[in-house]
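Trainee: The lines below spell out each chain.
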Amino acid sequence: MDRMDAIIVGAGVAGSAAAYRLAQEGKQILLIDRGAPVGSKNVSGGTLWGTEMDFVDGFHEEKPYERIVTSKRLSFLTEESAFTVDFATRRKEFTEVPYNGFTILRSRFDEWFSGKVEEVGQGNAMVIPGIMIDELHFEGKQVAGVVQEGDVIPGNAVVLADGINSRLTVKYGWRHGVNPYDVGRAIENGAVPPGEEPQLVLDPHHCAVGVKEVIKLPKDRLEERFQINDGTGGVAHEFLLGFPGRGIQAGGFMYTNRESISLGIVAQLHSLKGQDRTPGEPPRSSHELFEDFKHHPYIAPYIEGGEVQEYSAHLIPEGGLRMRPQLYGDGFVVAGDAAGLLFSNGYQIHGMNYAIRSGKIAADAVLKCEQTGDFSARGLSVYEQMLEESYVGKDLRRFQNIGKITENPRMFSTYPKLIEDLFMEILVERGEPKDKILASLWPGGTGLLPTFPQRSKFQTARKKNKIGYIDLLIDGIRGARNI
Amino acid sequence: MKRHTIEDKLAFTNWNFDHTYPHLTLNEKVCAYCTHHSCTYCCPANCYEQLEDGRVVLNYDQCVECGTCFSICDLGSVKWNNPKGTFGVIFRQG
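Protein chains in written order, with this note's numbering: chain A, 1 to 483; chain B, 1001 to 1094.
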């Protein structure tokens, strides 16, 4: 086979973005995906934020997305209550080309995207679905192509965009952490299992599992329920779940598609694995948790009468810099989820736009190396450099400590309940004289200094939830510093 | 909407089964040292089941290829590979 300018493994949004950029430049490329059709292995929540797709000709005309996000909501759910912040707008940044966000379904979107790669490549770009690559071809120490069932497909550079479960980066040791297979092999050979858990190549502290259903709903009913009146707008609604208990740290999402709703939960794996429970109490499974969310009194009315079309699950790389693998080496670069390039600041989770940008940068790096003919680690180090200079690198670095907020157990066990109790204190009409709002919140009531005993509404809610001032202060400072 | 069991849910999804190649395997010898068996409740497709005698068995057919079991198995018993090309789960929505 002819030597390719580049081979891209994985046709998710990162891989297709890299392939598209290279194909635009007339390069000979192969885009290989294990799913047939392309997209059939891919799952996202899925909201795609930003304008990264504008570089693809025909994106706005062919509309491979579901709806344009015109409303973003964030809710705190307890067992019986919901507190929601709802931002809905007609401002042109959200409602006119190039738009600010889209809901998408990946099977359709990714198949479309890979089709555009072939289109722009005019015969130089080939998309191969249904092929699983589990081996790379080496010339000396340098990656120089892929191996498919014994056949070598040579290429100057390989872009690894094979997702969070990237078997290739695990296999060749480009992910940091202990490979659990080594632990298993040692136990088999008679070693005692490690008492303390080592940091693994795909550590549960760095991952969350998303469990999702796509629920079909007629267009008019969907638009009525979500207060959409222009036929194209959509809602991106995210949730902080205060009700699962047992120390389970989970969020939820509900996104509107054209004629369906994407509904799901996202549970931090370490908290799902190590649930706090009394002896004999059975653990709550990931799929039961999803059903609990789906039948929550706030959620159920949205999906009533809907038909489930598909059940799916996917891991989400929430570890940021802590889980970043080796990003480049001799003959290869790593992009998208495979590189853990997901951004979270507590109230926004962006994955796909960061993946697309990393794919573009990977392509730019390959193009740069082509000028010098140096595809060694030295040449391809330009990938990490350009990534670090882009918003992808800068955001991941700036928000690297966001885990202090998003992995703080109080975020899930205490604060949603605290908000609920505060509203109950304020809103329940007891036929008693009312406080002004500041007096409801301030420990001192109407006075400047905290009084003893403290009597404000906030105090009552705070005491009910047994959260001390020190903890509040620490969380407040952490929040102010990291969010 | 009624409450779905995991069996109900899996019926909504499509697979191209490969009965000749298990892309997931367990090592019974290693599982014997496990204290949590969290695969039995973390896996969103309920592929892992603990029998009455304590052994954990795996049915990989309806695996949704998420990777959860590989991440939580700290003893390295779960061997996780991708199914061969075109086999395994086929998402039509994604």
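These are calculated hints, taken from the structure and not from any lab test. Misleading hints may appear alongside valid ones.
[What the hints assert, rightly or not] Restricting the straight-line Cα-Cα distance to at most 30 Å, the calculated cross-link-like pairs of lysine-lysine (DSS-like) are:
id, chain 1, residue 1, chain 2, residue 2
1, A, K219, A, K63
2, B, K1029, A, K219
3, A, K394, A, K417
4, B, K1084, A, K464
5, A, K171, B, K1029
6, A, K141, B, K1029
7, B, K1029, B, K1084
8, A, K464, A, K141
9, A, K466, A, K434
10, A, K368, A, K436
11, A, K434, A, K464
12, A, K463, A, K436
13, A, K27, A, K404
14, A, K171, A, K27
15, A, K368, A, K404
16, A, K92, A, K394
17, A, K417, B, K1002
18, B, K1079, A, K141
19, A, K171, A, K463
20, A, K404, A, K394
21, A, K463, A, K404
22, A, K436, A, K404
23, A, K464, A, K417
24, A, K216, B, K1029
25, A, K394, A, K436
26, A, K171, B, K1002
27, A, K27, B, K1079
Since the structure is predicted, the reported quantities are computational estimates derived from the model, not experimental observations.
Trainee: Next, verify each hint and record whether it holds.
Mentor: Hint by hint, here is what the structure shows:
{"no.": "1", "hint": "A:K219 <-> A:K63", "verdict": "holds, 17 Å"}
{"no.": "2", "hint": "B:K1029 <-> A:K219", "verdict": "violated, 53 Å"}
{"no.": "3", "hint": "A:K394 <-> A:K417", "verdict": "violated, 34 Å"}
{"no.": "4", "hint": "B:K1084 <-> A:K464", "verdict": "violated, 55 Å"}
{"no.": "5", "hint": "A:K171 <-> B:K1029", "verdict": "holds, 23 Å"}
{"no.": "6", "hint": "A:K141 <-> B:K1029", "verdict": "violated, 36 Å"}
{"no.": "7", "hint": "B:K1029 <-> B:K1084", "verdict": "holds, 26 Å"}
{"no.": "8", "hint": "A:K464 <-> A:K141", "verdict": "violated, 62 Å"}
{"no.": "9", "hint": "A:K466 <-> A:K434", "verdict": "holds, 24 Å"}
{"no.": "10", "hint": "A:K368 <-> A:K436", "verdict": "violated, 64 Å"}
{"no.": "11", "hint": "A:K434 <-> A:K464", "verdict": "holds, 20 Å"}
{"no.": "12", "hint": "A:K463 <-> A:K436", "verdict": "holds, 20 Å"}
{"no.": "13", "hint": "A:K27 <-> A:K404", "verdict": "violated, 44 Å"}
{"no.": "14", "hint": "A:K171 <-> A:K27", "verdict": "holds, 28 Å"}
{"no.": "15", "hint": "A:K368 <-> A:K404", "verdict": "violated, 38 Å"}
{"no.": "16", "hint": "A:K92 <-> A:K394", "verdict": "holds, 27 Å"}
{"no.": "17", "hint": "A:K417 <-> B:K1002", "verdict": "holds, 27 Å"}
{"no.": "18", "hint": "B:K1079 <-> A:K141", "verdict": "holds, 27 Å"}
{"no.": "19", "hint": "A:K171 <-> A:K463", "verdict": "violated, 52 Å"}
{"no.": "20", "hint": "A:K404 <-> A:K394", "verdict": "holds, 19 Å"}
{"no.": "21", "hint": "A:K463 <-> A:K404", "verdict": "holds, 24 Å"}
{"no.": "22", "hint": "A:K436 <-> A:K404", "verdict": "violated, 34 Å"}
{"no.": "23", "hint": "A:K464 <-> A:K417", "verdict": "holds, 9 Å"}
{"no.": "24", "hint": "A:K216 <-> B:K1029", "verdict": "violated, 45 Å"}
{"no.": "25", "hint": "A:K394 <-> A:K436", "verdict": "violated, 43 Å"}
{"no.": "26", "hint": "A:K171 <-> B:K1002", "verdict": "violated, 43 Å"}
{"no.": "27", "hint": "A:K27 <-> B:K1079", "verdict": "violated, 37 Å"}
Of the hints listed earlier, those the structure fails to meet are numbers 2, 3, 4, 6, 8, 10, 13, 15, 19, 22, 24, 25, 26, 27, in rising order.
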